Amino acid sequence: EAQVTQNPRYLITVTGKKLTVTCSQNMNHEYMSWYRQDPGLGLRQIYYSMNVEVTDKGDVPEGYKVSRKEKRNFPLILESPSPNQTSLYFCASTTLGGTQYFGPGTRLTVL
Amino acid sequence: DQQVKQNSPSLSVQEGRISILNCDYTNSMFDYFLWYKKYPAEGPTFLISISSIKDKNEDGRFTVFLNKSAKHLSLHIVPSQPGDSAVYFCAASGASGTYKYIFGTGTRLKVLA
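Chains as they are written, first to last, in this note's numbering: chain U, 1 to 111; chain C, 1 to 113.
Everything labelled a hint here was simulated from the structure, so no lab data went into it. This one's a predicted model, so the numbers in the text were calculated from it and none came from an experiment. Honestly, I wouldn't trust all of these hints.
List time: in silico DSSO-like cross-link candidates among lysine-lysine, alpha-carbon distance up to 30 Å [stated by the list, open to error]:
1. U:Lys18 / U:Lys71
2. U:Lys71 / C:Lys68
3. U:Lys57 / C:Lys110
4. C:Lys100 / U:Lys18
5. U:Lys65 / C:Lys37
6. U:Lys69 / U:Lys17
7. C:Lys68 / C:Lys54
8. U:Lys65 / C:Lys100
9. U:Lys69 / C:Lys100
10. U:Lys71 / C:Lys37
11. C:Lys5 / U:Lys65
Work out the full structure: start from the sequences and follow the hints.
Right, here's the structure in full:
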C-alpha cells in the first residue's frame, strides 16, 4: 500500500530539547516536503527536497532543519524547539505530476 | 501576504444539493491548482487538480473550474453527501517543476442530512 508515515504522531516536549520527526514514503518519489498547519493560517511549507541531498527552504523555515540522505526518508529536526513551534506537522511526498500524498500528521506541543 | 485565499471559513449545505467552495489567488505565475480534503486527525488527501491550460476538470461528483482572468477557482460537489463534511484546502503552484505549493486557509464544509 502506497503511504507516507510519520513518527511520532503526538509529542509533548520542553523548550530547547532537540527533537526529530521522521517521515518515510514507499512510493519512490523524488520530491518531499514538510508543512505546518496552524489555525487561520492553513498549511505553510517549511522545507522541501527535490531529491537526495537537495533541499530548499519553504515559506517558514526558521527554527527547522531537514536532511535527505535517502530517497524514502525526510526527517524534520528542531534543534532548539520554542513554544511558537507548537503546531500540527505534515510530511508530503509528491508524484512527478505534482500530486501530493500527505502523512497522518504529528501534533507537537512545546512547553 | 496571502497569495491563495479562501474567504469562507465555513459552509453548510443540505444533503443532495450542490456545494461550491471558492478560492482566489493573486500570483499570475501560478499554473497548477489542487484541492485537498481533510478529515480530523488525518492528513489532507488529494481530491482534484487543474492545469492553467484548462478551465474545467471533472472527476465524478467533483468539478473544478478555473477562471484565469479573475484569478479564481471553485470546487463544485454534486450531489453533496454527509461524508463530504471535511475541511477543504485549495493549493497553487507556479512554473511546472518547482513543486512549491501555497495553500489557502481552508473552508469547513458541513453537509446536513
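Outcome of the hint check:
Restraint check for Lys18 (chain U) and Lys71 (chain U): the C-alpha separation of about 24 Å stays at or below 30 Å, so the hint holds. Note on Lys71 (chain U) and Lys68 (chain C): the hinted pairing is violated, with a Cα-Cα distance of about 36 Å set against a maximum of 30 Å. Using a Cα cut-off of 30 Å, the hinted pair Lys57 (chain U) and Lys110 (chain C) is violated, with the two alpha carbons roughly 35 Å apart. In summary, the hint linking Lys100 (chain C) to Lys18 (chain U) is supported, as the alpha carbons are separated by about 27 Å, within the 30 Å threshold.
Of the pairs offered as hints, the one joining Lys65 (chain U) and Lys37 (chain C) holds, with about 28 Å between alpha carbons and a cut-off of 30 Å not exceeded. As the CA atoms of Lys69 (chain U) and Lys17 (chain U) are separated by approximately 23 Å, the hinted pair is consistent with the 30 Å bound. Proximity of Lys68 (chain C) to Lys54 (chain C) is assessed by CA-CA distance (about 9 Å); at most 30 Å being required, the pair is judged to hold. For a cut-off of 30 Å, the pair hint linking Lys65 (chain U) to Lys100 (chain C) stands: about 17 Å separates their Cα positions.
With a C-alpha separation of about 21 Å, the suggested pair Lys69 (chain U) and Lys100 (chain C) falls inside the 30 Å cut-off, and the hint holds. With a C-alpha separation of about 27 Å, the suggested pair Lys71 (chain U) and Lys37 (chain C) falls inside the 30 Å cut-off, and the hint holds. At most 30 Å may separate the alpha-carbon atoms for a hinted pair to count; Lys5 (chain C) and Lys65 (chain U) meet this at roughly 28 Å.
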